[in-house]
Amino acid sequence: MTRRNIVAIDLGASSGRVMLASWDAAQRQLALREVRRFKNKRQRRAGYDCWDLAMLEQEIRAGLAQLDDEGVVPDSIGIDTWGVDMVLLDAEGEPVGEAVSYRDARTHGLMEQAQHELSRSAIYARTGIQFLPFNTLYQMRALHQQQPDWQARVAHALMIPDYLHYRLTGNLNWEYTNATTTQMLNIHSGEWDRDLLAWAGVDARWFGQPQAPGNIVGHWINRAGTAVPVIAVATHDTASAVLATPLMQDDAAYLSSGTWSLMGFESLQPYACDTALRANITNEGGAEGYRVLKNIMGLWLLQRICSELQIDDLSMLIEETARQPACVSLISPNDTRFINPDSMVNEIQNACAEQGMPVPQSAAALARCIFDSLALLYREVIQELAQLRGKPFSQLHVVGGGSQNRFLNQLCADACQIPVLAGPVEASTLGNVGCQLIALGELTDVADFRCSVINNFPLEKFEPQTHSVFSASQARFATLSQPAKEPAYD
1219 MTRRNIVAID LGASSGRVML ASWDAAQRQL ALREVRRFKN KRQRRAGYDC
1269 WDLAMLEQEI RAGLAQLDDE GVVPDSIGID TWGVDMVLLD AEGEPVGEAV
1319 SYRDARTHGL MEQAQHELSR SAIYARTGIQ FLPFNTLYQM RALHQQQPDW
1369 QARVAHALMI PDYLHYRLTG NLNWEYTNAT TTQMLNIHSG EWDRDLLAWA
1419 GVDARWFGQP QAPGNIVGHW INRAGTAVPV IAVATHDTAS AVLATPLMQD
1469 DAAYLSSGTW SLMGFESLQP YACDTALRAN ITNEGGAEGY RVLKNIMGLW
1519 LLQRICSELQ IDDLSMLIEE TARQPACVSL ISPNDTRFIN PDSMVNEIQN
1569 ACAEQGMPVP QSAAALARCI FDSLALLYRE VIQELAQLRG KPFSQLHVVG
1619 GGSQNRFLNQ LCADACQIPV LAGPVEASTL GNVGCQLIAL GELTDVADFR
1669 CSVINNFPLE KFEPQTHSVF SASQARFATL SQPAKEPAYD
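Residues in the sequence shown are numbered from 1219 upward in steps of one, following this note's numbering.
Just so you know, these hints were derived from the structure itself, not from any lab. Some hints could be false.
Label-pair distances were calculated between CB atoms; the ranges are [said to hold, decoys possible]:
#: 1; residue 1: Arg1541; residue 2: Asn1433; range: 47 to 53 Å
#: 2; residue 1: Ala1665; residue 2: Cys1491; range: 26 to 32 Å
#: 3; residue 1: Arg1251; residue 2: His1406; range: 38 to 44 Å
Remember, predicted model here, so these are calculated numbers, not experimental data. The beta-carbon is built from N, C-alpha and C at its ideal position, and this holds for glycine as well.
Take these sequences, add in the hints, and give me the full structure.
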């Protein structure tokens, strides 16, 4: 077939969209069009911060209905979302309880409890996954301890995209890349780790065997009765983003920049060694091999202060921020205090005051504190990753919505002292599309798809310039909130 219409549904923690990709095989041209965009906002339900899955499903169906109205018959549909969160179903396939968000405080103290009872090194040796207080392993333990009435009714536990697949097709599926984010999948066997499930207090029968991305889960039926394949792509949005990152050489690193910043490199083998454990580096599943990476709090910090201060014009804020002096006030972005504070403005100001630094007062000063701190953390992490793999990186690819922030891109190049290639912006959506095109036989593999990305979506290069301010600030940054940044190594 010469032309394909591919629907990519990309859900993030703050927004979602239904996108239509048009693929011309003869010309190898790929174009994206936004069909529908909508907000995704957590709600307080049953005492927890929760996702409104009914709203998300309604918006997805509205986007598909709009394509029906346009007379567009998709060749396939794929869904990607964030990781770690699960939906519980009863034996009839109906939701049990609420879809609790990873930002809820219910897991407080449970990561430390697991490390004490099972040992940090033993958990890492089994999973190769970084320790984050909201990992699914601790969410399941919280369920067991706090909601026994919910647990008693559960027959299946699905990741968010797997649940949405189920709602569109009626079929259950557990996709591999998202399953790896749970810290419950054994890195050696590729199966759910029964010892970890037992510690969490959940039934292994809730989970099916994880499947590699690219399989057809089932079919969605449009108004005309046409059965459209629903393909389980690399459903973790970062896995899809990395798939679309044009890493054409093995000494390139990537930074998926959005609400979270995910910095890492691709590898056919995991790095689940003591060095990786000490640095709290994760080995998540990719479309091909592993995504060896580290989570960084990312633009969530900026999103929160913009929301609190009611700032709508981000470009103007960045212009004002660029005029602020560099590295005056610094924070540790990965400090757990910034996961979901009542006020991000107050939390940043308090963190600076506690360290004896000037307290940023204006929105521009707060943003400068965030950007400088992120750049220094990027510098720290890329050094850790280079040490882990035994050789430096020649360039860094920044993809996702954050790649549009040219000021932060330049700071990143300056701090890391390597060239930064920015783009594509719609990396998760493109990776979603690429996985579908490979599954449909339109492309041979990931490398083939990345060639199409380069040819259809221009990249912008940022060369490193001054670095003295970051070199001078690195030691000061390294002392910030060390106990809170990473759990102690046992």
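Check: Taking the beta carbons of Ala1665 and Cys1491, is their distance inside 26 to 32 Å?
Finding: Given a distance of about 28 Å, which is inside 26 to 32 Å, the answer is holds.
Note to self: If I claimed the Cβ atoms of Arg1251 and His1406 lie 38 to 44 Å apart, would that claim hold in this structure?
What the structure shows: 43 Å, holds
Note to self: Just to be sure I understand the hint, the distance between the Cβ atoms of Arg1541 and Asn1433 should be within 47 to 53 Å; is that true here?
What the structure shows: Given about 51 Å between the Cβ atoms, the range holds.
When the structure is compared with the earlier hints, no violation turns up for any of them.
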